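If you read the sequences in order, they're chains Z and U.
Just so you know, the working numbering puts 111 at position 61 of the first sequence, and the rest follows in order with no gaps.
Just so you know, the working numbering puts 212 at position 162 of the second sequence, and the rest follows in order with no gaps.
Everything labelled a hint here was simulated from the structure, so no lab data went into it.
Only true hints are included.
If several chains are the same, the list does not tell them apart, and a pair holds so long as it fits within one copy or across any two.
Listed below are the simulated BS3-like cross-link pairs for lysine-lysine, each with C-alpha atoms no more than 25 Å apart in a straight line:
#  : residue 1 : residue 2
1  : K98       : K72
2  : K207      : K173
3  : K55       : K123
4  : K98       : K55
5  : K105      : K173
6  : K105      : K72
7  : K105      : K73
8  : K108      : K55
9  : K123      : K108
10 : K173      : K123
11 : K108      : K207
12 : K55       : K137
13 : K212      : K173
14 : K55       : K105
15 : K123      : K212
The structure displayed is predicted, hence computed values, not measured ones.
There are 2 protein chains.
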Amino acid sequence: MRDIKCVAALASRFSMLPGVGKKTALRYAYAVIDMSERDVDAFCEALKDVKQNVKLCKVCGNFTEDDVCEICKARSAKQICVVAYPKDVIAVENTGAFDGAYHVLHGTLSPMNNRTPDDLNIKSLLARLNGVEEVIIATNPDVEGEATAVYLARLIKPMGVKVTRIAQGISMGSELEYADSITLTQALGRRTAL
Amino acid sequence: MRDIKCVAALASRFSMLPGVGKKTALRYAYAVIDMSERDVDAFCEALKDVKQNVKLCKVCGNFTEDDVCEICKARSAKQICVVAYPKDVIAVENTGAFDGAYHVLHGTLSPMNNRTPDDLNIKSLLARLNGVEEVIIATNPDVEGEATAVYLARLIKPMGVKVTRIAQGISMGSELEYADSITLTQALGRRTAL
Chain Z
51 MRDIKCVAAL ASRFSMLPGV GKKTALRYAY AVIDMSERDV DAFCEALKDV
101 KQNVKLCKVC GNFTEDDVCE ICKARSAKQI CVVAYPKDVI AVENTGAFDG
151 AYHVLHGTLS PMNNRTPDDL NIKSLLARLN GVEEVIIATN PDVEGEATAV
201 YLARLIKPMG VKVTRIAQGI SMGSELEYAD SITLTQALGR RTAL
Chain U
51 MRDIKCVAAL ASRFSMLPGV GKKTALRYAY AVIDMSERDV DAFCEALKDV
101 KQNVKLCKVC GNFTEDDVCE ICKARSAKQI CVVAYPKDVI AVENTGAFDG
151 AYHVLHGTLS PMNNRTPDDL NIKSLLARLN GVEEVIIATN PDVEGEATAV
201 YLARLIKPMG VKVTRIAQGI SMGSELEYAD SITLTQALGR RTAL
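Model the full structure from these sequences, guided by the hints.
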């Protein structure tokens, strides 16, 4: 039996979501049949609301419903944590260990994928450095993230602002035995005094 | 940082889907921001399409876009496989071991939950038994599924129709939806007379 056409169509929409395979998408689509019409309408409204109302903060580039995001409104920008994507802001916020401001680049430098500095949200970062004491670069510890960090450091340090990079090493709770050798080499090289 | 209001609202909609927790729902909601407006509109259309166009087959009670479902249109109803839910039709179809028709009860008897025979799609099953050679009862092998099977057998056997039950190759307490095709095929093959 083929799946019902409109159910299959909805499933293909669900499968555009991250981590949703064919089977899960179909399961979601069938679940929609059991929802009330009211719930389905509300679902649609919520989808459109997000697409229409979420924009980028004029200051930091993070997602917001206003012109300027809540973090930029509420916090001091003496320390700015630079991340690649909005989801990284959420990750850092969830630690509760940082109470400064953010700057979202919306990508990393990648010559392979034709992503140059002009494609990233860098100009507005340079424009807000007046009075900033430290820029913490929290891009991923991979080739592109490292390249972006080095590029930004070269750009910002001459402006008299301290530039730091989040520490790299063995992650908490992991086992030395299974760490890859690059990580382990870096953890050894960057060892700190106890 | 609180999540953006409309994103949180969309996440709460996603969390109504089966098996979607708070974190996954939020991940889906943020992914919608990155979709094109066109894709979001198409998503909405697909949601509403499913809710508006999927109805129950007048003959068997399975989901369909027409008055009568594709299976009822195409296949002989000499053998009718009775299941509790539409998702169970999909499970049996996926085995490829059955080429008869289905009947979907939309539930099982459950005195605990006040579900009596009147709440199930039983009348239309009795109405279509003329010329039927065998009714295979494929409800879940749990208390409610067994009770429903026994009830139906008592109802149908006096009408001169053979009533069988899928074999208890499926372990007690498990659910049809998650059974692997081989187990389900064996259960069909070893069905026993009631």
